[in-house]
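K.L.:
In case you want the letters, here they are:
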Amino acid sequence: MQWVELTKEAISKTLETMFFTLVEFNGTDESSAYENADKISSRIKLSSDKTSILIVISIAESFAFQMAADFTGTIVDKVKREDAEDCLREFANMVGGYCVNSIGGRYSLGLPEIGFPSEIGDPNQCSSFSLFVLGEKFGEVAVCVVQSK
Amino acid sequence: MSYNILIVDDSSSMRKVIRKILQISGFDVGEIFEASNGKEALEVLDSNWVDLILSDIHMPVMDGYKFLEELKKKEDFNHIPVVLITTEGDESKLQKAMSLGAHGYIRKPFEPDQIREYLKGIMGEPVYAVGGIDEGSDF
Chain G
63 MQWVELTKEA
73 ISKTLETMFF
83 TLVEFNGTDE
93 SSAYENADKI
103 SSRIKLSSDK
113 TSILIVISIA
123 ESFAFQMAAD
133 FTGTIVDKVK
143 REDAEDCLRE
153 FANMVGGYCV
163 NSIGGRYSLG
173 LPEIGFPSEI
183 GDPNQCSSFS
193 LFVLGEKFGE
203 VAVCVVQSK
Chain S
9 MSYNILIVDD
19 SSSMRKVIRK
29 ILQISGFDVG
39 EIFEASNGKE
49 ALEVLDSNWV
59 DLILSDIHMP
69 VMDGYKFLEE
79 LKKKEDFNHI
89 PVVLITTEGD
99 ESKLQKAMSL
109 GAHGYIRKPF
119 EPDQIREYLK
129 GIMGEPVYAV
139 GGIDEGSDF
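Top to bottom, those sequences are chains G and S. Heads up: the first sequence runs through residues 63 to 211, numbered per the working numbering. Heads up: the second sequence runs through residues 9 to 147, numbered per the working numbering.
Hints in this document: simulated from the structure, not taken from any laboratory. Heads up, some of the hints might be wrong.
Calculated cross-link-like contacts (lysine-lysine; reagent style DSSO-like; alpha-carbon spacing at most 30 Å) [what the hints assert, rightly or not]: (1) Lys101/S to Lys80/S; (2) Lys112/G to Lys101/S; (3) Lys142/G to Lys47/S; (4) Lys28/S to Lys142/G; (5) Lys101/S to Lys70/G; (6) Lys112/G to Lys74/S; (7) Lys28/S to Lys70/G.
Each pair of labels, with its calculated beta carbon distance range [to be verified]: (8) Asp139/G to Glu119/S: 22 to 30 Å; (9) Gly109/S to Ser110/G: 24 to 32 Å; (10) Glu51/S to Ser170/G: 24 to 32 Å; (11) Ser210/G to His87/S: 37 to 45 Å.
Reference listing, derived: stretches of chain G covered by chain S, where coverage requires no fewer than 3 residues with Cβ under 8 Å from a Cβ of chain S [unchecked claim]: (12) 72-81; (13) 123-137; (14) 145-153.
Being a predicted model, the structure only gives us computed values, none of them experimental. We put the beta carbon where it would ideally sit given N, CA and C, even for glycine.
Isolated chain G (complex conformation) (with noise of 0.2 Å):
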């Protein structure tokens, strides 16, 4: 599926650029840290005439402020739950604008937003993928492409 190794690609790059980490794909973690742990979510939204395409990003917490703390480069105990939802919210945009870059330029970007949408539509139209760093699960990814009435 297009946008999802379009998504992947966007992920690695935007990881690896601005918060110097290399994320895999494909992994076998069996602990249950990340299924227990408590996550922060960014979504955003990519929209032609004809459809739009949801990229939800669920991060655990303290992966979170991991990334936070990279990213502005601080130390993680400076880092607020504010800051963390700041910072994924960002990450959501650039991974959004890496993708339409991709493309084009034929979808627009909307404002990323914080939290798990309500609804992603059917479930058929979403495909979902792991994030993994050094063989740890730290979050998941789901998108939904959904096609304009």
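Using the hints provided, position chain S relative to the given structure of chain G.
P.N.:
Quick look at chain S alone, frame taken from chain G:
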């Protein structure tokens, strides 16, 4: 010449990142101001001398396009170079921003060197070696 710089971005994290890049870039940077949208930026400009503006496009309240339009109307400010740091990918929209007076743009995600290289064209060569000063760093 010491440059007073205004960073306009709705993300406080991104403002911090750009501030740090400026602080360690080696340029002669004076005061750094911040605003979270175009409206706030105009308020900052009303009461402070600014030599360069680094602005996002997609912001709530007043976006980068409207901000450029408002700047263009104000004689006191329309000479200030505005560099857009943005996720905007639509060339026609970026051209619109250029026609509204933007100096140029840098796309997010970016390498710090991209900002440094771009700003050389406006601020000249850095006055000290890169990484030589890191005031206010938490490291």
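K.L.:
Compare the distance between the alpha carbons of Lys112/G and Lys101/S with 30 Å, and conclude whether the hinted pair is satisfied.
P.N.:
With a Cα-Cα distance of about 20 Å, the restraint between Lys112/G and Lys101/S holds, given a limit of 30 Å.
K.L.:
Within 30 Å, alpha carbon to alpha carbon, are Lys28/S and Lys70/G?
P.N.:
Given that 30 Å is the threshold and the Cα spacing comes to 28 Å, the pair holds.
K.L.:
Against the 30 Å threshold, does the CA-CA distance of Lys101/S and Lys80/S hold or violate the hint?
P.N.:
holds, 17 Å
K.L.:
Does the structure keep Lys142/G and Lys47/S at a Cα separation of 30 Å or less?
P.N.:
holds, 26 Å
K.L.:
Glu51/S and Ser170/G, beta-carbon distance inside 24 to 32 Å?
P.N.:
holds, 28 Å
K.L.:
Is Lys112/G within 30 Å of Lys74/S, Cα to Cα?
P.N.:
Holds: Lys112/G and Lys74/S sit about 27 Å apart, inside 30 Å.
K.L.:
Please count how many residues of the stretch 72-81 of chain G have a CB within 8 Å of a CB from chain S and say whether that reaches 3.
P.N.:
holds (count 4)
K.L.:
Lys101/S and Lys70/G were given as a pair; does the straight-line alpha-carbon distance stay at or below 30 Å?
P.N.:
Distance ~26 Å between Lys101/S and Lys70/G Cα, so the pair holds.
K.L.:
Take the C-alpha atoms of Lys28/S and Lys142/G, compute the straight-line distance between them, and say whether it is at most 30 Å.
P.N.:
Answer holds: Lys28/S to Lys142/G is near 19 Å, not above 30 Å.
K.L.:
Determine whether the Cβ-Cβ distance between Asp139/G and Glu119/S falls within the hinted range of 22 to 30 Å.
P.N.:
For Asp139/G and Glu119/S the Cβ distance comes to about 28 Å; the hint holds.
K.L.:
Between the stretch 123-137 of chain G and chain S, are there enough contacts, at least three residues with CB-CB distance under 8 Å, for the coverage claim to hold?
P.N.:
Coverage by chain S holds for the stretch 123-137 of chain G (6 residues, Cβ < 8 Å).
K.L.:
Quick check on a hinted range of 24 to 32 Å for Gly109/S and Ser110/G, using CB atoms only.
P.N.:
holds, 29 Å
The structure agrees with every numbered hint stated previously.
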